[in-house]
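Trainee: Here's the letter readout for the chains.
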Amino acid sequence: MTFTQRNYPGKLIAVEGLDGSGKSTQLYLVKRWLELQGSRVYFTEWNSSVLVKKATSKGKKRQLLTPTSFCLIHATDFADRYERQILPLLRAGFIVLADRYVYTALARDAVRGLDKDWISKLYSFAVPPDIIFYFEVPLETSLSRILDGRPALKYHEAGLDMGWSTDPYESFRVFQGKILNEYSSMRSKYGFTTIDATREIHIQQAEVRRLIAEKIDIPSFRSS
Amino acid sequence: MNEKHFFGRQPPEIRDARLPGKLLVIEGADGSGRSTQIAMLSQWLEANGFAVRFMGLRRSNLVAEDLERAKQGNVLTRTTLSLFYATDFFDQLVNAIIPALRAGLIVLADRYIYTLMARDLVRGADRDWVRNLYSPALLPDAVFYFRVSARQLVERNFQKNSTLDYWESGMDLGLSLDMFDSFVKYQRMLQLEFQKMQREFGFKLLNGNRPIVKVQQDLRKEIAALLSIGAPTEVSAVDMEAATPEPIPAPAEEPV
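Each protein sequence line maps, in turn, to chains A and B. Going by the numbering used here, the first residue of the first sequence is number 1, and it counts up by one from there. Going by the numbering used here, the first residue of the second sequence is number 1, and it counts up by one from there.
Since the hints were made in silico from the structure, they are not lab data. Quick caveat, the model's predicted, so the values are computed rather than measured.
So these bits of chain B aren't anywhere near chain A, every CB distance computed over 10 Å:
hint, residue
1, H5
2, L57
3, D141
4, G230
Which residues of chain A face chain B? A few of them, derived with a C-beta cut under 10 Å, are:
hint, residue
5, T56
6, T66
7, P67
8, T68
9, T76
10, D77
11, F78
12, R112
13, L114
14, L122
15, S124
Note that CB positions come from ideal geometry on N, CA and C, so glycine has one too.
So here's chain A without its partners, still in its complex pose (with noise of 0.2 Å):
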């Protein structure tokens, strides 16, 4: 809501990308390699935070949520997080690892139909991260690593409210699809970093090391 707090000592890395682009595994790997460094780290996902979390549970499964809802229940569980966590660990100087950061939101409620403008100024309100590692997988990629195991999927995260299909995994194809859509459209706006997730675990890591190295000086964020 305000501008102001952006001087702060701390360091926001953030991942996004497809479901099953093993964006997770990733930052998991960076946080170990941090830790083991004895760096000050802290790890946050989307859609953890407490307060809201009963709101969000039963408007999912109750399929109470439309896109507008959807969007604003999500916001409000971010703006908890990012008030009472995200923001001061920045201010005490941790390296903040976010599992997932305000452009989930935006291209998920873009493709629910919501205005791209309104979406981004409403959440305006948070601090850009200092990297955006985006891991681009080929759409049938990120689907067969989702889909082969035939998982149980849950109503939003198949996008079934938006009807492009009444078959789960038509409409997850459906969503994914656009939602890769979104993360191009995003991809140069916001300065995304792309690594080819396509490779080897280990490969990928090492280069996620190398550019966080590049652009911050890990040693200065050691416990004392």
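Start from chain A and add chain B according to the hints.
Mentor: Relative to the frame of chain A, chain B by itself:
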């Protein structure tokens, strides 16, 4: 015909903005007499054959309970508080207000986005951010703002509850450790925001310090014109019974 308008771009859920009902908003602080006036209005509207629905803040199916719980815990930071209320508001707009208006009902809103915006603004929110947040809201057919002096509000709140409410006193703002002091300061800040909005949005200003019956007569006159009802009936004894809260004595003081 009957096309309704939105402050900005309408939400994607609303494909058809032809809504024959009317959205009438009553704004004013706690203790300004909103609920009393709304009860009397609905009585009169139903007597004239209009179907009425009510809406208010923190009444959505989705988040009302969680919001109430969060307010008890004092864990809410300001952006979170703001977005929580916005979620509640838009859930009601999409799932209750719009369907009622589509069915041709009169929706009486006990507060609307103006209170929500004023609360955010006095907490230091960015003006453009707040405007953007509420821009998918429906533009009401009329907004009546009850202005009551801060001192009068204190008296009425004590008559109703015998204590002042933490949030309605703006205690989270840290204006004063003294609750009475904080209440007065906070209500004055809200009134200043309302004055700005009144000019911009063309609220109909009503002096809420006057007797209930006088305020009700003015309201009916305005609404009768809006709904093309003939000469508004006088406020009767039956109407007064609809006003469930204790009648409030008229003060001599002018609004601040």
